[in-house]
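Modelling step: build the complete structure from the supplied sequences, incorporating the hints.
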Amino acid sequence: MSERGPWTRREFLRGGSAAAALVLPVVLAGANESALQRNPYVPQFFTRPEWDFINAAVDRLIPADDIGPGGLESGVPEFLDRQLESPYGYGAFAYMQGPFLTNVPPQLGYQLKFTPRELYRLGMAASDTRCRQLHGRAFCEIEVSQQEEFLTQLEHGSIELPGPPPEAFFEQLLLNVKEGFFADPIYGGNRHMGAWKMIGFPGARADFTDWIEQAGRTYPYGPVSIAGRSQA
Amino acid sequence: VTQTRKPVDAVIIGFGWTGSIMAKTLTDAGLNVVALERGPSRDTNPDFQYPRIVDELRHGIRGELWQPLAKETVTIRHKPEDTAAPYRQYGTFVFGNGVGGAGVHWNGQLWRASPEDLRFRSHIEERYGRKFIPPDMTIQDYPVSFEELEPHFDHFEKVCGVSGIAGNLRGKLQAGGNPFEGTRSDEYPTPPLPPVYSAQLFANAAAQLGYKPFPLPAANSSIAYTNPYGVRLGPCNLCGFCERFGCFMYSKAAPQTTILPVILPRPNLEVRANAYVTRILLDKSGNRATGVRYIDETGTEVEQPASLVVLSAFQMHNVRLLLMSGIGKPYDPRTGAGVVGKNYAYQMVTGTLAFFDEEVRINPFIAAGAAGQRVIDEFSSDHFDHAKHGFIGGSAVRAAGTGGRPIEQLHLPPDVPRWGRQWKAAAKKHYLHTAVYDTQGSVMSYRDRYLDLDPTYRDAHGLPLLRVTFDWHQNEYKLAAFSSARLEEIVRVINPKRFVSILMKPGQSYDTRFYQSTHTTGGAIMGSNPSNSVINRYSQSWDVPNLFVLGASAFPQNISYNPTGLLAALAYFSAAKVRDAYLKSPGPLVNA
Numbered sequence: 003m004s005e006r007g008p009w010t011r012r013e014f015l016r017g018g019s020a021a022a023a024l025v026l027p028v029v030l031a032g033a034n035e036s037a038l039q040r041n042p043y044v045p046q047f048f049t050r051p052e053w054d055f056i057n058a059a060v061d062r063l064i065p066a067d068d069i070g071p072g073g074l075e076s077g078v079p080e081f082l083d084r085q086l087e088s089p090y091g092y093g094a095f096a097y098m099q100g101p102f103l104t105n106v107p108p109q110l111g112y113q114l115k116f117t118p119r120e121l122y123r124l125g126m127a128a129s130d131t132r133c134r135q136l137h138g139r140a141f142c143e144i145e146v147s148q149q150e151e152f153l154t155q156l157e158h159g160s161i162e163l164p165g166p167p168p169e170a171f172f173e174q175l176l177l178n179v180k181e182g183f184f185a186d187p188i189y190g191g192n193r194h195m196g197a198w199k200m201i202g203f204p205g206a207r208a209d210f211t212d213w214i215e216q217a218g219r220t221y222p223y224g225p226v227s228i229a230g231r232s233q234a
Numbered sequence: 005v006t007q008t009r010k011p012v013d014a015v016i017i018g019f020g021w022t023g024s025i026m027a028k029t030l031t032d033a034g035l036n037v038v039a040l041e042r043g044p045s046r047d048t049n050p051d052f053q054y055p056r057i058v059d060e061l062r063h064g065i066r067g068e069l070w071q072p073l074a075k076e077t078v079t080i081r082h083k084p085e086d087t088a089a090p091y092r093q094y095g096t097f098v099f100g101n102g103v104g105g106a107g108v109h110w111n112g113q114l115w116r117a118s119p120e121d122l123r124f125r126s127h128i129e130e131r132y133g134r135k136f137i138p139p140d141m142t143i144q145d146y147p148v149s150f151e152e153l154e155p156h157f158d159h160f161e162k163v164c165g166v167s168g169i170a171g172n173l174r175g176k177l178q179a180g181g182n183p184f185e186g187t188r189s190d191e192y193p194t195p196p197l198p199p200v201y202s203a204q205l206f207a208n209a210a211a212q213l214g215y216k217p218f219p220l221p222a223a224n225s226s227i228a229y230t231n232p233y234g235v236r237l238g239p240c241n242l243c244g245f246c247e248r249f250g251c252f253m254y255s256k257a258a259p260q261t262t263i264l265p266v267i268l269p270r271p272n273l274e275v276r277a278n279a280y281v282t283r284i285l286l287d288k289s290g291n292r293a294t295g296v297r298y299i300d301e302t303g304t305e306v307e308q309p310a311s312l313v314v315l316s317a318f319q320m321h322n323v324r325l326l327l328m329s330g331i332g333k334p335y336d337p338r339t340g341a342g343v344v345g346k347n348y349a350y351q352m353v354t355g356t357l358a359f360f361d362e363e364v365r366i367n368p369f370i371a372a373g374a375a376g377q378r379v380i381d382e383f384s385s386d387h388f389d390h391a392k393h394g395f396i397g398g399s400a401v402r403a404a405g406t407g408g409r410p411i412e413q414l415h416l417p418p419d420v421p422r423w424g425r426q427w428k429a430a431a432k433k434h435y436l437h438t439a440v441y442d443t444q445g446s447v448m449s450y451r452d453r454y455l456d457l458d459p460t461y462r463d464a465h466g467l468p469l470l471r472v473t474f475d476w477h478q479n480e481y482k483l484a485a486f487s488s489a490r491l492e493e494i495v496r497v498i499n500p501k502r503f504v505s506i507l508m509k510p511g512q513s514y515d516t517r518f519y520q521s522t523h524t525t526g527g528a529i530m531g532s533n534p535s536n537s538v539i540n541r542y543s544q545s546w547d548v549p550n551l552f553v554l555g556a557s558a559f560p561q562n563i564s565y566n567p568t569g570l571l572a573a574l575a576y577f578s579a580a581k582v583r584d585a586y587l588k589s590p591g592p593l594v595n596a
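Chains as they are written, first to last, in the working numbering: chain H, 3 to 234; chain A, 5 to 596.
What the hints contain is simulated information worked out from the structure, not anything from laboratory work.
Keep in mind that this is a model prediction, so the values were computed, not measured.
All residues carry an ideal CB built from backbone N, CA and C; glycine is no exception.
Some hints could be false.
To be verified - DSS-like, lysine-lysine: derived pairs with alpha carbons at most 27 Å apart:
1) A:K432 - H:K199
2) A:K176 - A:K216
3) H:K199 - A:K135
4) A:K432 - H:K115
5) A:K83 - A:K135
6) H:K199 - A:K501
7) H:K115 - A:K83
8) A:K135 - A:K509
9) A:K176 - A:K162
10) A:K162 - A:K216
Said to hold, decoys possible - Derived coverage of chain A by chain H (criterion: at least 3 residues anywhere in the stretch with Cβ under 8 Å from a Cβ of chain H; other residues may be distant):
11) 56 to 67
12) 243 to 251
13) 496 to 505
14) 508 to 521
This is the structure we're talking about:
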């Protein structure tokens with residue numbers, strides 16, 4: 003390349019790399035999406051019917067709309083599956099020795115013998131059985147409005163299910179779904195930090211020295227994740 | 005097979021704040037000391053490093069720094085005639101675990117007690133008459149005065165680099181500080197941080213109402229600061245990951261950032277982590293501790309003989325170990341006799357959520373556990389005339405936002421659905437524009453509120469769990485209603501679009517499912533004689549004079565303040581007496 007041309011070699015390289023930097027994220031994002039389609043998450047805990055149940059339930063609990071990402075595109079089902087395969091799912095964080103009392107005032111907290119894994123497994127099976135009785139189809143196959151109604155009945159314990167109380171299953175599910183929506187993306191949910199962007203939480207920034215004297219002003223920076231923005 | 009280790013001068017059970025304070029004094033004096041800590045060894049590097057530490061799920065929700073309840077928890081019931089149920093999942097309080105204890109995951113709100121808190125029964129009787137105290141309320145005076153503790157409050161504030169403004173400096177009231185505090189000998193060691201926005205709104209409104217808002221005393225250093233031991237703290241950056249987390253900024257005072265760097269290298273201190281003490285050993289007379297028995301990390305049972313035993317675990321664990329060791333007479337609620345387990349108390353918290361329009365940017369994630377907060381002390385202790393209100397005690401009224409971590413700290417109006425489109429819309433609408441205010445109230449002690457060993461439930465080693473018998477009394481319901489009303493008056497002046505208060509009302513029982521306070525107190529209380537207490541004014545066991553019991557287990561009733569300032573001052577007061585008198589002539593420091 004001629005040194006007398008409109009671009010020096012150095013300038014060309016600088017310009018070229020800047021252009022590449024602008025283009026690169028788009029290319030990578032595209033690559034990620036197609037990689038995802040080629041290698042969709044394979045659940046370890048959930049069986050195929052359970053995976054269908056959980057995807058439908060997550061879509062109802064946190065639906066996609068113009069306000070922000072839904073639970074599905076945020077990866078909440080993957081989060082749930084990974085949590086239930088972790089020590090947490092096996093009840094390792096809770097005191098699980100008996101005897102398990104009944105007729106305990108609710109204020110004394112969770113007193114069931116079920117680990118989170120057991121609560122999910124029994125709760126999903128009982129729900130699908132009940133949906134088949136009511137509608138002739140599994141939970142994932144009934145109408146959206148019917149799914150919403152069924153979840154509301156679980157929430158309020160206004161439906162009879164064999165096994166754990168329906169409201170205990172629902173509370174466990176809703177708790178974990180919100181954890182997956184808002185936890186750092188390293189756990190498989192909150193993909194692209196979409197939930198954090200939706201509400202305005204800057205994630206793992208954790209340094210507001212420059213904002214100590216600016217109380218009440220709009221905070222302008224988007225979120226970062228523990229693993230770094232590019233892997234979010 | 006039980007291993008027996010070489011005898012040492014002193015063994016310390018529990019290596020949080022009070023254990024570290026005593027270890028400093030005893031190793032200063034040249035003693036050979038072994039500190040036993042049930043949890044793992046932990047330090048700022050690597051355990052609290054950024055970015056790994058700012059993980060809400062790992063620390064704030066799953067509680068990686070907390071005591072694993074799977075291994076040991078407590079059981080809870082509301083009344084002595086009920087069957088207690090295990091506290092299976094974390095809710096109402098969170099126990100620390102590991103070196104540094106709860107001093108790792110606390111917020112750093114470092115208060116002194118009010119002078120009258122330390123002679124509370126006498127003070128109430130003098131001002132309102134004996135009949136003002138309900139017959140089943142078992143409050144009593146501390147056997148130590150504010151004036152005696154003042155040098156130790158002052159020293160601990162300097163150890164921690166506390167940021168604040170003095171309100172009463174050597175008897176002179178200071179603008180901007182707390183006019184209700186006891187007389188201080190010195191200023192706070194570091195200046196306060198400016199208020200975060202929710203606190204700024206609170207302070208302005210409180211001042212309009214004639215109150216004297218001041219910076220909450222914060223063991224979150226505001227500047228780079230070197231403490232009296234030569235340990236350097238860093239400035240708080242309002243990261244929003246304080247309570248439930250370790251501090252990656254070396255700013256929040258913890259044993260790791262204030263005392264341990266000086267004493268851990270000493271050849272006369274050995275810290276053994278993952279050492280679970282199961283018994284304090286006594287000689288045949290039952291009046292002398294010979295050491296302790298513990299289970300080490302390999303599962304081996306070990307005996308550690310020692311001339312002096314310091315019990316400095318968390319309040320609950322102190323009481324449990326005394327009961328399991330057969331030290332002192334267990335409290336009997338039917339007769340009122342016995343002292344171990346007596347006068348368990350808690351705190352009564354109310355909250356008010358203020359929801360603003362979108363132009364008011366609360367930015368809840370810009371926060372610390374204590375720095376940048378504002379508070380009023382008009383309604384604590386006996387700072388106001390209680391005669392017409394019919395209750396005893398009070399509340400600190402605070403601008404209490406400690407962070408905006410979205411799993412735990414996304415607050416929505418109670419009428420918003422808990423899931424679906426409307427929940428999502430509300431989350432987006434309110435997250436940046438909601439402020440949290442609260443009141444933290446004292447709880448008195450009562451004849452039927454106490455601790456003992458559960459007859460049914462066991463820990464991972466087959467040892468009995470501690471049983472908590474606790475519910476609210478009328479006095480505390482009245483306190484909550486009064487405190488919440490005062491807070492609401494301030495919030496009305498702030499004038500949010502809407503506000504909602506949360507408080508316990510008469511008929512509502514203690515609810516362990518929701519986090520309220522880890523400020524549990526009593527069960528090994530201090531007093532003037534062996535019939536009303538477990539320990540004397542120097543925290544020395546009446547029954548076993550070579551045993552000292554440190555921590556909030558000593559409080560005869562609870563205060564409205566966070567307990568760390570008072571329990572640390574009591575530990576320093578004890579340590580000074582051990583150094584100056586006990587080591588020269590071991591024996592009872594107060595005649596029974």
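Hints, verified against the model:
1. A:K432 - H:K199: holds (9 Å)
2. A:K176 - A:K216: Status holds; Cα separation ~15 Å.
3. H:K199 - A:K135: Cα-Cα ~59 Å, so violated.
4. A:K432 - H:K115: Given pair A:K432, H:K115 is violated - Cα atoms ~36 Å apart, limit 27 Å.
5. A:K83 - A:K135: Holds, at about 25 Å.
6. H:K199 - A:K501: holds (24 Å)
7. H:K115 - A:K83: holds (24 Å)
8. A:K135 - A:K509: holds (25 Å)
9. A:K176 - A:K162: holds (21 Å)
10. A:K162 - A:K216: holds (24 Å)
11. 56 to 67: holds (count 8)
12. 243 to 251: holds (count 3)
13. 496 to 505: violated (count 0)
14. 508 to 521: holds (count 5)
Comparing the model with each earlier hint shows violations of hints 3, 4 and 13; every other hint is respected.
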